[in-house]
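The whole structure should be built from the sequences, with the hints applied where relevant.
Chains as they are written, first to last, in our numbering: chain A, 1 to 212; chain B, 1 to 290; chain C, 1 to 244.
Careful: at least some of the hints might be erroneous.
In silico lysine to aspartate or glutamate, EDC-like type, Cα no more than 16 Å apart, as pairs [stated by the list, open to error]: (1) K130(B) - E150(B); (2) K136(A) - D166(B); (3) K114(B) - E99(A); (4) K175(B) - D31(A); (5) K136(A) - E13(B); (6) K114(B) - D31(A); (7) K29(C) - D67(A); (8) K29(C) - D31(A); (9) K114(B) - E3(C); (10) K92(B) - E150(B); (11) K154(B) - D66(C); (12) K179(C) - E68(A); (13) K92(B) - E118(B); (14) K29(C) - E68(A); (15) K92(B) - E247(B); (16) K114(B) - E93(B); (17) K130(B) - E117(B); (18) K92(B) - E44(B); (19) K154(B) - E68(A); (20) K284(B) - D61(B); (21) K179(C) - E169(C); (22) K130(B) - D166(B).
These are computed hints drawn from the structure, not numbers from a lab.
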Amino acid sequence: MARRSIPTAIAFFFGAMMVVNYFVPWGWFSDRANQVQEWGLIVVAFAYILGALNVMRVHGHKIQRKDEDWRFSIVTIITMVVMLGFGLMPEQWAIGGMERGSPFLWMFDNMYVPMMATMYSLLAFFIASAAFRAFKVRSLEATLLAVTAVIVMIGAVPLGGILLPGSMELRTWIMETLQNVGKRGIMIGVALGAISTSLKIILGIERPYGRD
Amino acid sequence: MPNGMNAPETTLEKIERMDRRIVFLAIAITIILPLIWPLGLPIEVSPQVDDFHEAIESIPDGSVVLFPNDYDPASKAELYPMTVAILHHFFKEDRNLKIIGLGLFPAGPPLLQKAFEEVAVEQYGAEYGKDFVNLGYKEGREIVMASMGESIPKTFPTDFFGTPIDSLPIMLGIKNYTDIAILVNVSAGYPGTKEWVQQVVSVFDVLMVSGTTGVSAPEYYPYYNSGQLAGMLEGLKGAAEYETLIEKQGIATSGMDAQSLGHLVIILFIIVGNVLFILNRRNKTKGGRF
Amino acid sequence: MWETLGIWIQVFLTLAIFSFLYRDNPFYKFAEHLFVGVATGYWVVLQVRNVLIPNLFQPLFRGFSDPWLLIPLFLGLVLFMRLSDKYSYMSRWGMAAVVGIFAGLAIFGFGGGDLIIQIRSNIMPFIDTEAVQAFTQNAGLITFLNILSNPIFIIGVICVLFYFFFSKEHTGALGVVSKTGIYLLMISFGASYGNTVMARISLFIDRAQFGIVNWIPTVIIGVLMIIAFVVLAITGKVDPKKQF
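Next up, the structure:
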């Protein structure tokens, strides 16, 4: 019973503080509520460290059991340790800190940035392949989707304005009015859902943090 | 046995099911060629980009600007050119604007710092700590935004480099959003424009404009329509239009020819794919061969 | 020297990831695993330097200026109990705190920012007299469509909301209204698809620009990778017919 009640009580306490702060935004209570918001930042930071420990555990097991591609897991663990080492070293040390010229920032600029940018740029190819192989207009709804997509794509680029004069203005009208109708409806629906879910979490009816 | 069952694949069916690496090669060539041999197509400025520009022009000289850059290298292609163009706009007319930068994505602040150094320092001689500051990254998303409403120095006690911010001249007298003239957000998704509107604009009534990726932009049009956003930049196209407006053509403008041809090829793929689909379906029902 | 080495490493890693488009291969796997290590290390360093040190450890351990910080320290440390089978239930306490705070902020964030303002923005005159005036002064397709904007918003948003009303079967008048709603939603999704295409192509333009600016390492490393693929295919280490 206590195992279930404690997290529910914690969620209620912190959630209720955030809500009441909107109605009592001054003095002692507001200071405490703002303090609690900072505490949230700190707890989330610990969650990242937990995530890193989990990555080490998973890849460590892969190496231990010599699973498929276990040699690449060594690369993961070594780079993680090196990155942590350089990043957590004090700035006073020659190879420590996060300023321009530091090994930590060098690895960020020359490994993290290009790899992340390239991974996401693969999507350009997959969307082209999907446009050819999967985008089939089998119904009126799909036709509306396709026609709108084509007008938006044509109107978005300079060549579209040359091939189809007025396409940019038409695109702007579609973005500001026609497509906005659907987005506004979705936003109102999502807002109602989010408010009801948040209330259920604070009141303990829903417990997304886990239960016994 | 129904007509067409177990019949050998027709030419059209083979084309419809061709190796997708051919599609990959086609899109790669379409995009690379105009980057090497530009077409020089003219760029027209959209109303929401014009409004973005006007909102920044409307704030008094010497104002404090909050400049959250909430993106990481995954969205750098679309948003870094925006950051660069916006910095040119801040600094090119010597308006003595004070720029407070920060990021709610972990990999954002180093990109912002790079932009500050390449534009503000190298091209306009701006001084760190006096004309601009990079508060760095803070995890917490909406909590960070709400916490800044109480106190920006308490939320960010040190800057990106670990320097206490009360030692930086630019932060003297800055407490919270009441000291900010405009919030210029460059955002990749979550946390970003939506959360800034929900937590800051609707609570503290701060003037706000936003530059976003093409993927996110449609969902922010309701905010632009309702006035919660005073202006918007949409993807690489928005960055190119903004470069045209401030007369500082850069990376975004040079990519628009490739963007144009890329879109045309995708539209062709959709049309050809559907024509093949319709023809193949007709062949199957009539039992014909093509 | 470090800058030059950095460029060559960037080119190698970029091409290693693009090689996935041809087929899954050891270069891609190496880059993928390297990325996980670098990214994880980077994110943890940032949390420690930008959050834990200035917001927790410094105020707590230098002068003990805020003893209340022992609470988030405790809630953060109990998260690690997740790694223990016997005490993993304690990790829920930290998560409950964070979930509670976000839920509390979300109520007024969504309520004030999305719900009320969006409904209020949709309450507008059926006929926009300024739009009518603009059309009479400059008759054209767009000025005509602008006259239709207000009625489309007013009726359209109601139709979309009715589509999501599942307590009654969508037949008769409700059927017509909800059908209109789904058509407007499809237009909305079409606009999103068009913008998504724009965004994805921009991502590749950036990488292509990088490759063109640094064309010498790109060509050299590209040729070496192709030779390596041929060797791997000949020695049977990679199946030429299998893509991913």
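Now the hints, each set against the structure:
no. : hint              : result
1   : K130(B) - E150(B) : violated, 23 Å
2   : K136(A) - D166(B) : violated, 59 Å
3   : K114(B) - E99(A)  : holds, 11 Å
4   : K175(B) - D31(A)  : holds, 15 Å
5   : K136(A) - E13(B)  : holds, 15 Å
6   : K114(B) - D31(A)  : violated, 36 Å
7   : K29(C) - D67(A)   : holds, 14 Å
8   : K29(C) - D31(A)   : violated, 50 Å
9   : K114(B) - E3(C)   : holds, 15 Å
10  : K92(B) - E150(B)  : violated, 32 Å
11  : K154(B) - D66(C)  : holds, 13 Å
12  : K179(C) - E68(A)  : violated, 51 Å
13  : K92(B) - E118(B)  : holds, 14 Å
14  : K29(C) - E68(A)   : holds, 11 Å
15  : K92(B) - E247(B)  : holds, 11 Å
16  : K114(B) - E93(B)  : violated, 21 Å
17  : K130(B) - E117(B) : holds, 14 Å
18  : K92(B) - E44(B)   : violated, 22 Å
19  : K154(B) - E68(A)  : violated, 48 Å
20  : K284(B) - D61(B)  : violated, 70 Å
21  : K179(C) - E169(C) : holds, 12 Å
22  : K130(B) - D166(B) : holds, 12 Å
When the structure is compared with the earlier hints, violations turn up for hints 1, 2, 6, 8, 10, 12, 16, 18, 19, 20 and for no others.
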